[in-house]
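In the order they appear, the protein sequences are chains A and B.
All residue numbers for the first sequence refer to the working numbering, where the first residue is 56 and numbers rise by one.
All residue numbers for the second sequence refer to the working numbering, where the first residue is 56 and numbers rise by one.
Everything labelled a hint here was simulated from the structure, so no lab data went into it.
Some hints here could point you the wrong way.
Pairs count within a copy or across copies, as identical chains cannot be separated in the list.
Stated by the list, open to error - DSS-like cross-link-like pairs, simulated, lysine-lysine; straight-line CA separation at most 25 Å:
hint	residue 1	residue 2
1	300	373
2	306	373
3	441	90
4	228	448
5	300	372
6	373	156
7	538	162
8	262	372
9	306	372
10	193	306
11	482	300
12	443	193
13	372	193
Number of protein chains: 2
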Amino acid sequence: MTDPIARRTMLQGAALGAAALAMPQMALASPADLKALAAELAKSHDTNVKRLQDWIRLPSIAAENRGYPEGAEHLVKLLLDAGFNHAEVVPTSGKPGVFAKLDAGAKRTIGVYFMYDVKQADPSEWVVPPFDGALVDKPGVGLSLVARGATNQKGPQATFLAALHAFKATGRKLPVNLVFVGEGEEEIGSPNFHEVVHRADVLAALKRCESVFMPFASQNPDGGVTINLGAKGIIELELIASGEKWGKGPKTDIHSSYKASIDSPAWRLVKALDTLVSDDGNTPMIDGYGDNIRPLTAQEKALNADYAKRTSEAAAKKSFGVTQWVDNISWEEAVTRNTSRPTVNIEGLVAGYTGPGGKTVLPGKAVAKIDMRIVPDMTAADSLAKLKAHLAKRGYGDIEVKMSGGYDPTTTSIDSALIKTQAAVYKANGIDPVMNVRLAGSWPGYLFTGPPLNLPAGHFGFGLGSGAHAPNEFYVIESANPKVRGFDGAALGYAEFLYALGAR
Amino acid sequence: MTDPIARRTMLQGAALGAAALAMPQMALASPADLKALAAELAKSHDTNVKRLQDWIRLPSIAAENRGYPEGAEHLVKLLLDAGFNHAEVVPTSGKPGVFAKLDAGAKRTIGVYFMYDVKQADPSEWVVPPFDGALVDKPGVGLSLVARGATNQKGPQATFLAALHAFKATGRKLPVNLVFVGEGEEEIGSPNFHEVVHRADVLAALKRCESVFMPFASQNPDGGVTINLGAKGIIELELIASGEKWGKGPKTDIHSSYKASIDSPAWRLVKALDTLVSDDGNTPMIDGYGDNIRPLTAQEKALNADYAKRTSEAAAKKSFGVTQWVDNISWEEAVTRNTSRPTVNIEGLVAGYTGPGGKTVLPGKAVAKIDMRIVPDMTAADSLAKLKAHLAKRGYGDIEVKMSGGYDPTTTSIDSALIKTQAAVYKANGIDPVMNVRLAGSWPGYLFTGPPLNLPAGHFGFGLGSGAHAPNEFYVIESANPKVRGFDGAALGYAEFLYALGAR
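So that you can see chain A by itself, here it is in the shape it has in the complex (with noise of 0.2 Å):
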């Protein structure tokens, strides 16, 4: 879950966002109250970042079946010693679940999102172990954690932790009550986490919740920040043409000599792909797919052409090192094209022989790992479906469609309190936030979003990381640029919005 866009590319002193010009004045917190946490996040600042680094040190990785169930059973003790009242392990079908509470008495109460598992890495290509924890000066950065999970998810999520032990060690009171829900399987898309959230005792808490938020480091190197009103859905999956299912073409890889009167199920595979998207690869070709599209709202429009106006397209080229759009179109379009269309992506592709020169053989099987992004008011089940009645037209039904997990997508409103307190505490750090009416990338808010919850949900956070899904992940612990807070100056920041959504 990652906007390297917005993250990287914010313009200094912009112009007033559209959002921004609906902004209410908000209580906010007490500068006493903030001066005593302040103190006391700088005095156990070794404490609350060697946690971090304790926790990257433990990596749970669902699609390598690694650090499982010790990644729920460490959450629930973070979050115990955190100060919530109730932690508990949620088992599921997949990777298990946790469920806290934290009642202080509080007039409100929010929903909080964590994921304690982290995308794959392969430490060959890392100037440092990724599960070290390892802090690195980058110059003009700062000191940083680079670390696979520095900022996806777990530098925030630890850095929310050391406000909660602020608030403890000074003897304050939370100013919302807190209901906790996190999964360990947000990187292979969230296949379970509706029976967590769907546990009745767990649903009857959320639903008391007026929000749910996930703690993220949404600045930019200059100090911008840009506020998600929703996300893709996701639906990831695995292609898979073999003779075994197919009947035709061998089970296993065999000499590829006999291509001459032996079928092979790497050509079918390409074959079916070759159906799966137009000649330039860009739009998908899957029968009804784009259906139920629900076409942008003006305002939607609005916001995104004051995104395209207040980020920088050649900052984002470079950061993708693409020196174009597809069909060359404008920075305007591309970030409606990220926000409105949704696409069929290829991920890997895995036949018979992979490593160095060849080899000849004619592979029994060959597999597709695809990755399909979908808007509202696309869901992940109907474009599932839609796949596979798409290749069973076309007498690919023999091909396996081997979905790991997904979701629908997920909104909320730029009118929701959430949205509008967030924007609220940036105004008073002097901060004016981009709108981004859709993260291209993805996150499983449709269980907050989505019936029967129906609760605003995003995300929020001071901070500074790069590099999800990457190499050389990081997260800014102590800012070189004053406009970028470090670990201490974002915790402060979750206090902050804590006070200013019990202050409503």
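For this one, chain A is given, so just place chain B on it according to the hints.
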């Protein structure tokens, strides 16, 4: 280089082959000579087998740049020990080759071709470490060497060397002079072997030869033998689509969420691959690819029919793990296509994330490993040029065509002295060989059968082996079936062959 069909499926007591009908009587070895040689081979059995095992333990794998130049230097030593007057490493633009001569003062001179490299091996797929040279008792087959290179091609080649040692040890002169050429890049398509064969002094020596042969374990489990009258040519290459070369899409793997605005090299590869074959994946669609195919002659058609009649379709299907041939064709038609149809095969696909589960990346590069088998009168150079033109014509000129090796098809007349002598030696031992018009696999015989040499070239040898390019490749050392020759018997067979070649 392997022919599983004939190797595994010849029927016992089958009708007399069309080719065999034409066999004249041949002058074979004297019983006294063979008796003495057999006794010597029995006496030095352990030494001869250990020589083979030691060779196995020194693998040369071009694709992994492993075992060079040691492999070539070791082969030179093996040749000198076996009685060659001269043997030298021959440098090439790639891995070194070997040239050697044995002047026995005989009337006739024969060329011998070896490969000292072997195919890659994944130890995790083997019952024994592939480079240990382990001897395993295979029930119903006999004591066998299970190792990479056991039958392809060190086993048969070491057996031939054992025969030369026997001549030397018993003080017998070879019935023919030998000119030897060897290479260490056969498994990557012999990209530089022509530099060895065409070196002035090597070419001059080869021009004195009547024919060239490669030691080969030709017997199937029932003792029957196939004689190959030629082999398909091959081109091995990688098709590489990349943001780097394309100028669109990312240069490295990036987060997949931006597919809506960024082009995909992986989809580009799929679209380009789609144009190379028919919808069923079985007919090459490269513009003009088959223009130069020479139709089968009436004699070749008759040989294919005889081959189909005398081999078991059921056993062939079983050996490949298939239940039907392409288009549900008959066994005779399958044999015909294997000998007369060019192919375009996907050896492997590699793009983006290839590990367990999924990873949401948009790959910056996608690679298809391809082998193309060609038949007379197609050539490797012309076929490669046509592939490049085909891609360029469709706007895929940015897709890199990286050829790693390949060469033209090879054909030797059934009426040549080489083939007639082979058949006569087998028949003298009660084996009526099946004639295979063209091996579906490949070997660089074109360097001998094509200009400027235009010599008959092929394979000869008793003995049994299987699993070339596959796990648990083996070569029988002590046969459980009296109809199948073990190491000593196969070595004696080479002596019989040399006598027959020398006595014509």
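Consistency of the hints with the structure:
1. For the identical chains of this complex, residue 300 and residue 373 are inter-copy neighbours only, at 17 Å across copies versus 44 Å inside a copy, given an alpha-carbon limit of 25 Å.
2. In the homo-oligomer, the alpha carbons of residue 306 and residue 373 lie at most 25 Å apart only across protomers (11 Å), although the nearest pairing inside one protomer, at 45 Å, exceeds that limit.
3. Taking the shortest alpha-carbon separations for residue 441 and residue 90, neither the intra-copy value of 56 Å nor the inter-copy value of 75 Å comes in at or below 25 Å.
4. Taking CA atoms no more than 25 Å apart as the test, residue 228 paired with residue 448 passes in neither setting, with 61 Å inside one copy and 72 Å between copies.
5. In this assembly of identical chains, residue 300 and residue 372 lie within 25 Å of each other by CA distance solely across copies; the values are 17 Å between and 42 Å within a copy.
6. Proximity of residue 373 to residue 156 under the C-alpha cut-off of 25 Å is found in neither arrangement, the shortest distances being 43 Å within a copy and 62 Å between copies.
7. Taking CA atoms no more than 25 Å apart as the test, residue 538 paired with residue 162 passes in neither setting, with 33 Å inside one copy and 93 Å between copies.
8. Neither within a single protomer nor between protomers do residue 262 and residue 372 lie at most 25 Å apart by alpha-carbon distance, with minima of 42 Å and 62 Å respectively.
9. Proximity of residue 306 to residue 372 under the C-alpha cut-off of 25 Å is restricted to the inter-copy arrangement: shortest distance 11 Å between copies versus 44 Å within a copy.
10. For a Cα distance limit of 25 Å, the shortest separation of residue 193 from residue 306 across copies, 24 Å, qualifies, whereas the shortest one inside one copy, 51 Å, does not.
11. Taking the shortest Cα distances, residue 482 and residue 300 never come within 25 Å of each other, neither inside one copy (58 Å) nor across copies (45 Å).
12. For a Cα distance limit of 25 Å, the shortest separation of residue 443 from residue 193 qualifies neither inside one copy, at 47 Å, nor across copies, at 46 Å.
13. Taking CA atoms no more than 25 Å apart as the test, residue 372 paired with residue 193 passes inside one copy only; the shortest distance there is 22 Å, against 61 Å between copies.
In the structure shown, a violation is registered for the earlier hints numbered 3, 4, 6, 7, 8, 11, 12, in ascending order.
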